[in-house]
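Undergrad: These are the residues of each chain, in order.
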Amino acid sequence: MASTDQGVTSPTRARITERTLRQDRWWLQPLTTFVVFSAFVVYATVRAFMGRDYYASPYLSPFYSPCLGDCVEGASDFGQPFAWWPLSAALIILIFPLGFRMTCYYYRKAYYRAFWLSPPACGVAEPHQSYSGESKLPLVLQNVHRYFWYAAVLVGLVLTFDVVLAFRPMPAEYAVGDGETSGIHMGLGTLLMILNVAFIWLYTLSCHSCRHIVGGRLRHFSQHPVRYRLWTWVSRLNTSHGKWAWYSLFSVAIVDLYIFLLATGTIQDVRFF
Amino acid sequence: MSYTLKLRIWRGDRDGGEIQDFPVEVSDGEVVLDAIHRVQATQAGDLAVRWNCKAGKCGSCSAEVNGRPRLMCMCRLSDFEQDETITVTPMRTFPVIRDLVTDVSFNYEKAKQLPAASLGPRDADGKRRMAQVDVERGQEFRKCIECFLCQDVCHVVRDHEDNKEAFAGPRFFLRYAELDMHPLDTHDRRELAQGAAGLGMCNITKCCTEVCPEGIRITDNAIIPMKERVVDKKFDPLVWLGSKIGLRTKDDEGRVEV
Numbered sequence: 001m002a003s004t005d006q007g008v009t010s011p012t013r014a015r016i017t018e019r020t021l022r023q024d025r026w027w028l029q030p031l032t033t034f035v036v037f038s039a040f041v042v043y044a045t046v047r048a049f050m051g052r053d054y055y056a057s058p059y060l061s062p063f064y065s066p067c068l069g070d071c072v073e074g075a076s077d078f079g080q081p082f083a084w085w086p087l088s089a090a091l092i093i094l095i096f097p098l099g100f101r102m103t104c105y106y107y108r109k110a111y112y113r114a115f116w117l118s119p120p121a122c123g124v125a126e127p128h129q130s131y132s133g134e135s136k137l138p139l140v141l142q143n144v145h146r147y148f149w150y151a152a153v154l155v156g157l158v159l160t161f162d163v164v165l166a167f168r169p170m171p172a173e174y175a176v177g178d179g180e181t182s183g184i185h186m187g188l189g190t191l192l193m194i195l196n197v198a199f200i201w202l203y204t205l206s207c208h209s210c211r212h213i214v215g216g217r218l219r220h221f222s223q224h225p226v227r228y229r230l231w232t233w234v235s236r237l238n239t240s241h242g243k244w245a246w247y248s249l250f251s252v253a254i255v256d257l258y259i260f261l262l263a264t265g266t267i268q269d270v271r272f273f
Numbered sequence: 001m002s003y004t005l006k007l008r009i010w011r012g013d014r015d016g017g018e019i020q021d022f023p024v025e026v027s028d029g030e031v032v033l034d035a036i037h038r039v040q041a042t043q044a045g046d047l048a049v050r051w052n053c054k055a056g057k058c059g060s061c062s063a064e065v066n067g068r069p070r071l072m073c074m075c076r077l078s079d080f081e082q083d084e085t086i087t088v089t090p091m092r093t094f095p096v097i098r099d100l101v102t103d104v105s106f107n108y109e110k111a112k113q114l115p116a117a118s119l120g121p122r123d124a125d126g127k128r129r130m131a132q133v134d135v136e137r138g139q140e141f142r143k144c145i146e147c148f149l150c151q152d153v154c155h156v157v158r159d160h161e162d163n164k165e166a167f168a169g170p171r172f173f174l175r176y177a178e179l180d181m182h183p184l185d186t187h188d189r190r191e192l193a194q195g196a197a198g199l200g201m202c203n204i205t206k207c208c209t210e211v212c213p214e215g216i217r218i219t220d221n222a223i224i225p226m227k228e229r230v231v232d233k234k235f236d237p238l239v240w241l242g243s244k245i246g247l248r249t250k251d252d253e254g255r256v257e258v
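Protein chains in written order, with the UniProt record's numbering: chain D, 1 to 273; chain F, 1 to 258.
Careful: at least some of the hints might be erroneous.
As the list claims (entries may be wrong) - Within a straight-line C-alpha distance of at most 27 Å, the following computed DSSO-like cross-link-like pairs (lysine-lysine) qualify:
(1) LYS109/D - LYS233/F
(2) LYS109/D - LYS244/F
(3) LYS143/F - LYS112/F
(4) LYS164/F - LYS234/F
(5) LYS164/F - LYS127/F
(6) LYS250/F - LYS136/D
(7) LYS233/F - LYS136/D
(8) LYS110/F - LYS109/D
(9) LYS164/F - LYS143/F
(10) LYS109/D - LYS136/D
(11) LYS244/F - LYS233/F
(12) LYS233/F - LYS250/F
(13) LYS143/F - LYS109/D
(14) LYS110/F - LYS136/D
(15) LYS244/F - LYS110/F
(16) LYS250/F - LYS112/F
(17) LYS127/F - LYS136/D
(18) LYS110/F - LYS143/F
(19) LYS109/D - LYS250/F
(20) LYS110/F - LYS164/F
(21) LYS127/F - LYS110/F
(22) LYS164/F - LYS233/F
As the list claims (entries may be wrong) - Negatives, chain D to chain F, calculated, CB over 12 Å:
(23) ILE16
(24) THR45
(25) SER88
(26) ARG113
(27) SER209
(28) TRP231
(29) LEU261
(30) THR266
Said to hold, decoys possible - From chain D, some residues computed to sit far from chain F (all C-beta separations above 12 Å):
(31) GLN23
(32) ALA44
(33) ASP70
Note that these hints are calculated values from the structure, not bench results. Every residue, glycine too, gets a C-beta built ideally from N, C-alpha and C.
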């Protein structure tokens with residue numbers, strides 16, 4: 001498996017045939033990452049192409065927000081400029097969060113290890129004969145990460161707006177008695193959306209490109225006290241960037257699943273007030 | 001309390017070698033280097049091992065313990081079960097000289113290729129000044145003890161001997177980042193970092209950070225910031241436009257590309 005005569009078995013190195021002498025379960029982390037990411041990709045792909053059951057008033061699935069295509073009534077809070085789009089409306093906007101995560105410095109680490117085995121774990125020889133990293137096409141394109149971050153901020157604002165809308169009264173058909181549809185509403189869906197948008201913001205603002213943009217690129221912190229302060233805040237969040245990546249991945253899928261189950265009538269929303 | 005440790009050590013040189021068993025008496029509180037020294041004193045007087053401070057500060061006793069790059073002097077035996085076998089080998093990225101000693105001159109060659117700081121003119125009173133907040137930023141990078149464990153674990157050169165020429169490695173990206181963040185340095189090393197030092201080859205899989213005995217967050221605080229700085233210089237059209245029409249801060253002014 002190890003790259004013969006190129007890596008740890010090349011002629012000048014200590015003659016050891018094993019590709020690794022690690023005795024711990026080093027394969028567990030990449031395997032877990034592989035399984036969970038694959039499951040998410042399958043789920044997200046199915047849901048994105050489904051093109052239905054993404055809106056259960058007042059909740060809009062994050063996979064379809066903003067809903068700019070030919071969406072169901074009430075789902076398009078920003079108009080339908082792509083009403084001519086023949087496929088699922090999710091495909092119009094998912095490219096941005098997808099691009100943000102695909103080029104994310106944390107996800108890169110995770111999928112290079114789990115999917116490309118480059119390396120599978122520290123001190124475990126990778127199976128590839130040659131390696132050029134991110135120095136050539138197509139991987140040199142990972143350098144566009146900051147542009148996806150700009151887009152991710154916009155998506156984050158839209159999702160925040162969706163949370164505000166999730167406090168709207170439910171439509172009349174859900175009303176239990178008189179006055180149930182007036183005033184504000186909060187249900188389990190609202191709560192899940194709040195948690196989701198919180199994780200999305202923590203993930204977005206802890207981004208390495210964000211850290212660079214707000215102040216990391218400076219050479220004189222002393223001359224930019226406000227940007228330095230922002231940088232220290234982002235730096236604090238940044239230490240847990242991987243954690244926010246995972247939490248937000250789960251939360252976005254859970255919110256979508258909840259709304260799917262509501263929209264298909266499988267469950268009823270748990271209403272708090 | 002003492003017990004017999006099932007210790008295995010790689011012995012040999014560039015012509016060949018093998019992992020040999022050296023069961024050795026050890027005591028609570030000892031580290032792997034203590035066990036190695038006892039083997040040297042009692043069983044294999046010619047065992048080659050490089051060491052010096054025994055305090056995790058000189059960076060000499062780098063090796064691989066159960067396949068993981070470690071400083072032998074900082075690797076406690078109490079971290080292992082008493083009946084566990086511990087295998088110690090030399091670092092597997094560098095040419096072996098003998099037993100646990102490797103030739104780490106690759107790193108010194110890379111160090112030579114990195115232009116030193118070039119400071120601007122002094123203040124009127126003959127002094128140079130940096131604000132405390134700017135001084136603090138580089139302190140983390142200066143904790144590096146040059147044990148070269150990060151260089152050893154980096155798969156770019158560990159698994160690809162042919163990349164050694166084009167790739168400086170995490171220890172030197174740390175240095176590139178430190179200098180690039182230095183407010184008094186007048187060199188602009190961003191092109192050099194991406195070109196000659198091969199920063200683009202790093203795929204940020206963070207093994208360097210995992211093995212650093214000083215706990216330096218090499219990837220998050222040095223390599224990724226350096227990659228972002230290279231993006232500013234080479235890949236971001238908005239940054240280019242902003243600097244042309246004067247919208248960028250003048251933070252980078254006065255630097256000369258090397």
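Undergrad: If a hint holds in the structure, say so; if it doesn't, say that too.
TA: Results of checking the hints against the structure:
1. The straight-line distance between the Cα atoms of LYS109/D and LYS233/F is roughly 24 Å, inside the 27 Å bound, and the hint therefore holds.
2. Between the alpha carbons of LYS109/D and LYS244/F the distance comes to roughly 34 Å, so the proposed pair goes past 27 Å and is violated.
3. In summary, the hint linking LYS143/F to LYS112/F is supported, as the alpha carbons are separated by about 20 Å, within the 27 Å threshold.
4. Between LYS164/F and LYS234/F the alpha-carbon distance is near 24 Å, which keeps this suggested pair within the 27 Å criterion.
5. Between the alpha carbons of LYS164/F and LYS127/F the distance comes to roughly 40 Å, so the proposed pair goes past 27 Å and is violated.
6. Distance restraint check for LYS250/F and LYS136/D: the Cα-Cα separation of roughly 31 Å exceeds the 27 Å cut-off, and the hinted pair is therefore not satisfied.
7. Our distance criterion of 27 Å between C-alpha atoms is met by LYS233/F and LYS136/D, whose separation comes to about 17 Å.
8. Proximity of LYS110/F to LYS109/D is assessed by CA-CA distance (about 25 Å); at most 27 Å being required, the pair is judged to hold.
9. Between the alpha carbons of LYS164/F and LYS143/F the distance comes to roughly 25 Å, so the proposed pair stays at or under 27 Å and holds.
10. The suggested pairing of LYS109/D with LYS136/D holds, with an alpha-carbon distance near 17 Å, which does not exceed 27 Å.
11. Under the criterion of a C-alpha separation no larger than 27 Å, the hint pairing LYS244/F with LYS233/F is consistent with the structure, at around 13 Å.
12. Between LYS233/F and LYS250/F the alpha-carbon distance is near 14 Å, which keeps this suggested pair within the 27 Å criterion.
13. Distance restraint check for LYS143/F and LYS109/D: the Cα-Cα separation of roughly 25 Å lies within the 27 Å cut-off, and the hinted pair is therefore satisfied.
14. Distance hint between LYS110/F and LYS136/D is fulfilled; the C-alpha atoms sit about 22 Å from each other, no more than 27 Å.
15. For the suggested pair LYS244/F and LYS110/F, the alpha carbons sit about 34 Å apart, so the restraint of at most 27 Å is broken.
16. Restraint check for LYS250/F and LYS112/F: not satisfied, since their Cα atoms lie roughly 30 Å apart, outside the 27 Å limit.
17. Between the alpha carbons of LYS127/F and LYS136/D the distance comes to roughly 45 Å, so the proposed pair goes past 27 Å and is violated.
18. A C-alpha spacing of about 19 Å is found between LYS110/F and LYS143/F, which places the hinted pair at or below 27 Å, so the restraint holds.
19. Distance restraint check for LYS109/D and LYS250/F: the Cα-Cα separation of roughly 33 Å exceeds the 27 Å cut-off, and the hinted pair is therefore not satisfied.
20. Pair hint LYS110/F plus LYS164/F holds up; C-alpha atoms about 9 Å apart against a cutoff of 27 Å.
21. A hinted pair counts as satisfied when its Cα atoms are at most 27 Å apart, and LYS127/F with LYS110/F does not qualify at roughly 32 Å.
22. For the suggested pair LYS164/F and LYS233/F, the alpha carbons sit about 25 Å apart, so the restraint of at most 27 Å is met.
23. In this structure ILE16/D is not separated from chain F by more than 12 Å, as the shortest Cβ-Cβ distance comes to only about 6 Å.
24. Look at THR45/D: its CB is around 25 Å from the nearest CB on chain F, clear of 12 Å, so calling it non-interface holds up.
25. The claim that SER88/D is not at the interface with chain F holds, since no C-beta of that chain comes within 12 Å of its own (minimum 31 Å).
26. The claim that ARG113/D is not at the interface with chain F is violated, since a C-beta of that chain comes within 12 Å of its own (minimum 6 Å).
27. Its beta-carbon lying about 6 Å from the closest one in chain F, SER209/D breaks the requirement of being farther than 12 Å from that chain.
28. Residue-level check failed: TRP231/D sits 10 Å from the nearest beta carbon of chain F, not beyond 12 Å.
29. Once the 12 Å rule is applied to beta carbons, LEU261/D is consistent with being away from chain F; the minimum gap is 37 Å.
30. For THR266/D, the shortest C-beta to C-beta distance to chain F comes to about 41 Å, beyond the 12 Å cut-off, and the non-interface label holds.
31. Chain F draws GLN23/D into its interface by the beta-carbon criterion, the shortest separation being 5 Å against a cut-off of 12 Å.
32. Every Cβ of chain F is farther than 12 Å from the Cβ of ALA44/D; the closest lies at roughly 24 Å, confirming the non-interface assignment.
33. The non-interface label for ASP70/D is consistent with chain F: the shortest C-beta to C-beta separation is roughly 33 Å, beyond 12 Å.
Checked against the numbered hints above, the structure breaks hints 2, 5, 6, 15, 16, 17, 19, 21, 23, 26, 27, 28, 31 and satisfies the rest.
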